[in-house]
Amino acid sequence: MARVLILGATSAIAQATSRIHAGRGDSLFLVARDRERLASVAADLRVRGAMAVETLVADLADDSTHERIVADGWRAFNGLDVALLAYGVLGNQREVESSPEALKAILATNFTSAASLLMRLAALFERQRSGALVAIGSVAGDRGRQSNYAYGAAKGGLAIFMEGLRHRLAGTGVRVVTIKPGFVDTPMTRGFPKGPLWASPERVAAGIVRAIDRGASVAYVPGFWWAIMRVIRSLPEWILFRTRL
Amino acid sequence: MAAASSWGRYPRVDEDRRLVSWEGDVRAALASRRPLLARGLGRSYGDSCLNEGGTVIELAGMDRFLAFDATHGLLSCEAGASLDDVIAFALPRGWFPAVVPGTRFVTVGGCIANDVHGKNHHRAGTFGRHVRALTLLRSDGTTHECSPMAEPSLFAATVAGLGLTGIVTRATLALRPLRSARMEVESLPFADLDGFFELEAASAESWEHTVAWVDCLHPRMAGRGIFSRARFLERSDGSLGEPWGRGPRTVPCDLPEAALSPFTVKAFNAAYWKLHPRGRRIEAAEKFLFPLDALGHWNRIYGRRGFVQFQCVVPGARARDWIAQLIEAIRTKGDGSFLSVLKTFGELPSPGLLSFPRPGVTFALDFPFRGDRTLALMKELEEIVIDAGGALYPAKDACMSPRAFGASFTRLGEFEPWIDPAFSSSFWRRVHAAPRAA
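Chains as they are written, first to last, in our numbering: chain A, 1 to 245; chain B, 1 to 438.
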């Protein structure tokens, strides 16, 4: 029975992932901003078979909450086997281009706050010498593109930060797993026209749990995004610039 | 506004879709000035889950479980939870929905709004009979906890209420206990409708599930078919925890219209007659209960223009003759149905004012949509059902006339006062003609 910390527990991907853990009888510590939503997610996971579910209402984007979140999350079940960082904001690239505040918010939520939490967790995992530190990045972080390079830069930075952590923790028994979902049909992407490349949160969640179980370093979910991003990364700029990607 | 259609892909409409994940989202969506309608997974075949020009509140994201009483098998959940999800949860714990329709990719809210039935209707009645309580959110912001005991009239209007009384946000279902996820299934051929009725009479007592496929197209032996009956195994065999297949096979794209010519449909029916297994066997319950779930997007078989379903019930006494008339009408039109299904409904009363199931024989068919030709056939079939004193099933319907709707649902007058004035649907506007102008 694993002890699992979920940061951003009310996101669609986090809920779907938590359900898989609940079905296994794991214990979950959930952190999210909205008290009412968090309570209904917790009730759902209890019914679905979680051994224990604890919650903490906190704004993850606010760094001053991080010390308490990590301390409480660690103490609740006396250590952790999995910490999943699953929150983020997509933002609006056009808005970001004219509003420095919006730009700062995207970078702070998706990168700065995430790095702060991961650094605190890494110290505890390192001492424990076991467990998996998991963060949800994005295929958007694989290449800067005009359509969403602010979000992409934050997620790309997160992937590099995770890579560094992986390097640091190599040999300690701690796994550091970067998840790179493609298009996911969630409230965050409400309003986008959906096509065959889109995946459900359940499918992404299954990919996340599989990646953790098999100890992957970087996992594209669904897997076909690995091939797509290889192509996009290798496009020369003179071709890329002719697209609206 | 975005283009939308339901499982039958006819008709197509433009509507304003709102995906909701939380109760707060639902309340926000209620503020829309357009006519409102809740939608689950859109597995209704016609336009009862469409709302042209209106706002459609999609509840599939509200799929959380609230409580489970493992002693009595009572599951409380949000209305967007699917039966697939309920089964995946309940089956390993030795429980199963008391009533399931032919697909498990439907929401609890949708099952309530259509008061769906299953192959065990003669034993268990409709889905609504096993709903212990539901929470209804109305456009005036009020919340109603309804059950057969509390606000019973609103409960009776909401079960089978086609989503017109407000939004069902939560429900408590009484599940049934199970020891095995496998069924003993027996399939027996019958040569004509008389054969069907004999088998039906002989099976109702000791077989929990019964259903028959019937060949409407054979030139001389129209009315022949295969009768299937099944019951869950009574002994524990460790099968409850086995994961269910997710149906990896999917129809990848629309088939061309020619794929469903009268010739291929006839050939399909002949092959079905030849190849369907006969005799007794043990098989996974999902295979018997949800045969079409094994093939994802099977509606694409009908091509881009989609298809229409026709499902009616005709009363018992002369049921055989009415069904024979329907088959004859279909056969002479040559516009064959892929899968025609016959089943007897039992005597258990349905709880909803607009519930479709009632004592008699129900007959379900589907036809590729071919414009006026199809509409004319549907009209002809509808007339037979009205003459028979039967009813048509709104969840499957895209064609019925206001007259047929009125004839099918005699308690319409009792239902109307409970409609939430902010709610409507394409179906409702179609069948509920404005008060007859003089």
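Hints are computed from structural coordinates only; laboratory data are not their basis.
One or more of the hints may lead you astray.
[Stated by the list, open to error] Part of the chain A face toward chain B, derived, beta carbon under 7 Å:
1. 37
2. 43
3. 44
4. 47
5. 120
6. 187
7. 189
From the three backbone atoms N, C-alpha and C, an ideal C-beta is built for every residue, glycine too.
A quick look at each hint next to the structure:
Against a cut-off of 7 Å between C-beta atoms, the interface hint on residue 37 of chain A holds, since the closest Cβ of chain B lies about 6 Å away. For the restraint placing residue 43 of chain A at the interface with chain B, the shortest Cβ-Cβ distance is roughly 6 Å, inside the 7 Å limit, so the hint holds. The restraint placing residue 44 of chain A at the interface with chain B holds, with a minimum CB-CB distance near 4 Å, inside the 7 Å limit. With 7 Å as the threshold, the beta carbon of residue 47 of chain A comes within range of chain B, its nearest partner Cβ sitting at about 4 Å, so the hint holds.
Among the interface hints, the one on residue 120 of chain A is violated; its C-beta lies about 29 Å from the nearest C-beta in chain B, farther than the 7 Å criterion. Evaluation of the residue 187 of chain A hint against chain B yields a held restraint, the C-beta minimum of about 5 Å falling below 7 Å. Given the 7 Å rule on beta carbons, the hint for residue 189 of chain A is violated: about 10 Å separates it from the nearest Cβ of chain B.
Checked against the numbered hints given earlier, this structure breaks hints 5 and 7; the rest are met.
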